[in-house]
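Work out the full structure, taking the sequences as your base and the hints as a guide.
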Amino acid sequence: MFPDFDYVRPQSLQAAITHLADEAAVVHAGGTDLLGCLREHIFAVKKVVSISAVKELHGIDEAADGALRIGALTTIRTVAEHPLVRRRFSGLAQSASEVASPQLRNQGTIGGNICQKPRCWYYRGDFNCLRKGGGTCFAVDGENQFHCIFGGGGTCFIVHPSDIAPCLVALNATARVAGPSGVREVPLEKFFMRPEVDVQHETVLEPREIVTQILVPPPAAGTRSAYRKVRARRSWDFALAGVALALRFDGRRVVEGRVVLSGAAPVPWRSAEVEQTIRGKELDSDVIAAAAKAAVAEAEPLGKNGYKIPLFQGVIEEELARMSASA
Amino acid sequence: MADESKDIYFVQGIPVPDTPLPGKEPEAWQETNVVGKRLPRVDAYERVSGSAVYPSDVHLPNMLHGAILRCPHPHARVRNVDTSAASRMPGVRAVIRGTTPEADLVWKKDAAGEMRLFDPHCRFEGEEVAAVAAETPYQARDAINAIRVDYEVLPFVADERRALQAGSPPVHSKGNLSKSDTYERGDVTRGFAAAEVVLEESYRTECELHTPLEPHGCVASWEGRSLTVWESTQGVYAVQSRVAEVLKLPLARVRVIGHYMGGGFGSKLEAGKYTVIAALLARQSARPVKLLLTREETYLAVGNRPPCNMTLKAGVKRDGTLTALEFTCLATGGASPAGGTSLVDWLIRDLYTCPNVRTTLTDVFTNAGPARAFRAPGHPQGAWALEQMMDALAEAVGMDPVRLRLKNMAAFSQAREGNPAYTSTGFRKCLEQGAAAFGWEKARRETGAQAARGHMRRGVGMAGCLWVAGGGRPPSTVIVKLFSDGSVNLNMGASDLGTGTKTVMAMVVAEELGIKPEAIQIENADTGTTQYATPSGGSKTVPTEAPAVRNAAVQVKQKLMEMAAAALKTDVSELAYQGREIVSRRDASKRIAVKDLDALKRQGVVVGVGYRGPNPKNKVVNPFGAQFCEVEVNTKTGELKILRFVAAHDSGRVMNRLTYDNQVFGGITMGIGLAMTEARILDAGQTGKMVNRNWHDYKLPTALDVPADITSLPIGPADAEANNTGAKGLGEPVTIPTAAAVANAVCHATGLRITQTPINPLQLVQRLAERRKEG
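Those protein sequences? They're chains A and B, same order as listed. Residue 1 is where the first sequence starts when you use the numbering used here, and the numbers rise one by one after that. Residue 1 is where the second sequence starts when you use the numbering used here, and the numbers rise one by one after that.
The set of hints was computed from the structure by calculation and includes no laboratory data. Glycine is no exception: its CB is placed at the ideal position from the N, C-alpha and C atoms. Hints are not guaranteed to be accurate.
Distance windows between CB atoms, simulated [said to hold, decoys possible]:
no., chain 1, residue 1, chain 2, residue 2, range
1, B, Lys-179, A, Glu-300, 39 to 49 Å
2, A, Lys-281, B, Glu-770, 50 to 60 Å
3, A, Pro-187, B, Leu-658, 50 to 60 Å
4, A, Asp-284, B, Glu-770, 23 to 33 Å
5, A, Met-1, B, Ser-226, 28 to 38 Å
6, A, Pro-102, B, Arg-185, 48 to 58 Å
7, A, Pro-102, B, Glu-523, 38 to 48 Å
8, A, Gln-14, B, Gly-454, 48 to 58 Å
9, A, Pro-102, B, Asp-596, 50 to 60 Å
10, A, Lys-293, B, Gly-716, 55 to 65 Å
11, B, Thr-99, A, Met-1, 25 to 35 Å
The following block contains the structure:
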């Protein structure tokens, strides 16, 4: 049941930022994640600041240089179905279409999606875990089948829940962020907080900052992007393992590319190992096998998530082969 | 000539079954005109439009909202409960706990001892500690959060596999063995000696949680010394008796109403503590109290399908003849006695002919929520073991799995005293006609010959079943009233769980009286106004209630014919009831419309009372079934997709083809949940608490997990011996073989025998990788 909170729906970004100065104030975009957090009393909330009336946060368009500009309040369904996204950033459209369920895609926003709280059941449940300011990570020795195999850093073993974020990292996107001291741009790759840096925050946003826009640079010629997700059931579920690819091909050869894993780490996890293995190569079966193997070479599975090693190998093999076939 | 246009209730031109003479029972139906058709639910509009009032919708003037404080630990002793702050909070009108005199009640006495309503010894996470009622749900929850409890936290055991190990903390003072059962016939040692192939395997099914759309709960209201409860329940009389017993009230002063309810699957067969708690809060506050559990509370405290750890050793001759079955199961009903192992061995005992069988069931206590009946208790678990073993045996002796099963058909019930015959067994037909409809042999051949087709593998699998009950039984009393305008009121005690009971019963009345189903107004599930009925469950509602409904309708006809005989000055044996009119068989000019009967006009109503008669002596009424499916496995990722299902079920007469198919699709969906997605997860190694108590983490199958291609294939004929409608139960058998059929198909596709649920990518990708390593 919800705690007692105040609710405001300011008309301007500036007013929203002002409201966020109040004690325990939080941003409400689509609310698909926030409402669950409120109901579970995961963190203290005294004021909910809805930004849905802020007009400038809506809409998708193309900048003069061909970059894609996505307002933070754009629904996930709109991202998935927008012709511009589907034509030029197919991986992004795919990742958005793989999120949750139709109802949640209609309600959830892209800004909210990248600012999600983790789904770790200890964090969400009745456990005073490290991320909530307690002294213990219950996942280390507990029910960790859905936890990370990379980047736990010995502290907190969540996986980042977003499907869209890995794609945005792969596409070298940037988040535009507004706060009391103005506007700044943060590359998505630097947007997410690793637990060893700060275990209680998932992003580098300052307390009163709001994501206003996502900027995706125009892809270089020959770039293809894709997203593939494996989950425990076929809808309304987060990734057990996923891979976002943005590869630039010259003929059949991979010139360069970014490979980012979901369901792998507390942040969208860029796999330098895969990128290095495929750079400059044609994606034949040997290269693909080597890349898949390299992807998990440094993995550190916990007691119950060892399956993620063959799973990531399988997903990466399958997806690289698919890209190679369409090259 | 009557003015037919005014006969708005009677159907024109459709014959009705013959009416037996007064005092005689009706014959079995031959052809039916309404029963068996595809009739949309009589209450479909109410359900879809939202005008149906479920207990969750009941809102009484001055009603308060209740909430329960539950123990957050799997095992603890309550030292002290301080409600002083909570009592002073705004809107709070009642606070009760174990030491409140009116709430200091015995909830039940059973094999484990006495349990109090607020028991100071909390044996599972979610046990009730205190409760409040307040003006709003929020005030009630705030008050709950303000109650301070001093717990002595005790060591716990949450994993049933450890319950009997030395040093495991005792859940009850008698220790952790709840009960142990053995069943034996023949001599398994000799049976295995006679076998040419002996296989042995271990199996496990995970704990499943009931997830009815409407959570458990009620509204309780007192008028003087009488209590009325609107409860989301499968059985209003079961709730009445328990509430009356605990509160020491006469049955007549407890009225339980449950017209609509949002599903139960077995978890609402009995009253919950919440019902009594709501009644106590209502009494203390002198206001009605609504108390609905949250989803999390239902997951913790009101039922589950217990986790089962099974072994099965089976012996078979080269020709496929079973020689011996030896089965063990260790399971848990949580902190409650029994329920953990109930009926898990029934299929091993009784599905196939086997002279030598031994089963050993060990039910243990754990610090976890209590088991409750869950759609076909025990059977899907037993099928998971037996039907996978049958496949393994078939492979070992080089036989087709369907043929191996056909080789071991049982002609009678071997596990019951005296080996009684079945009134009907369509098991052979289910296997043969199901296989034909599926294209079993061709599909098996084609999917088997696909090794070189990359990493996507297809396979087919099947499994058979029977359901131990499903015949229905007395008692049931039903009243049918025909009013002077020809409209009809059907009054019965049974609940409609959403299975379409009301619709089926309206069809029975319509069949007999020749009136339109929509002309029948139904009152049901109300201990104040309807007659005694057992809870709807066990797939027995149709075979129990439909015969009583039919008898009541027949009695209405008999009474009308007696009136007609007097009006026409003829003998009743000469007359035929034809729906709108009653006509002489000898002289067609002697006829009178039902509505023109003076006696009916004077009386205003004709009342027929129907009772459920006894079942046939020395015979067993069981439904049978077989399901077939095709799957596709991604051998790189362990993703499993079910492509199609064929479900062939012998449940006697099909009463309504639409609701029949609903049951088949729902049963398969639920079976897919057991096979692929559902598992309660306890943090057994650390805190003992449930970690997946919501709909994201406890994974019910979604529409995309269930194939669009499901064929429901009813196997006839009607069971004329079972009861006067020929129907057997359906709701449970349809979920029994599903998970095993999926596992068998996965084995056919991959060669991997997956013996633990759920078959998800977590498990499957690991097994596929291990096999690649082994080469």
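Hints versus structure:
The supplied range of 39 to 49 Å is met by Lys-179/B and Glu-300/A, whose beta-carbon atoms lie about 45 Å from each other. A hinted range of 50 to 60 Å is violated for the C-beta pair Lys-281/A and Glu-770/B, which are about 30 Å apart. Remark: the range hint 50 to 60 Å for Pro-187/A to Leu-658/B is upheld by a beta-carbon distance near 57 Å. A hinted range of 23 to 33 Å for the beta carbons of Asp-284/A and Glu-770/B is consistent with their spacing of about 27 Å.
Here the CB-CB span from Met-1/A to Ser-226/B is close to 32 Å, well matched to the stated 28 to 38 Å. For the pair Pro-102/A and Arg-185/B, the supplied restraint of 48 to 58 Å holds, since their beta-carbon distance comes to about 54 Å. Between Pro-102/A and Glu-523/B the Cβ separation comes to about 39 Å, which falls inside the hinted range of 38 to 48 Å. Gln-14/A and Gly-454/B have their C-beta atoms about 57 Å apart, which keeps the hinted 48 to 58 Å range intact.
With their beta carbons about 58 Å apart, Pro-102/A and Asp-596/B fall inside the hinted range of 50 to 60 Å. For Lys-293/A paired with Gly-716/B, a C-beta distance near 58 Å keeps the hint of 55 to 65 Å intact. Distance hint check: the CB atoms of Thr-99/B and Met-1/A are about 26 Å apart, consistent with the given range 25 to 35 Å.
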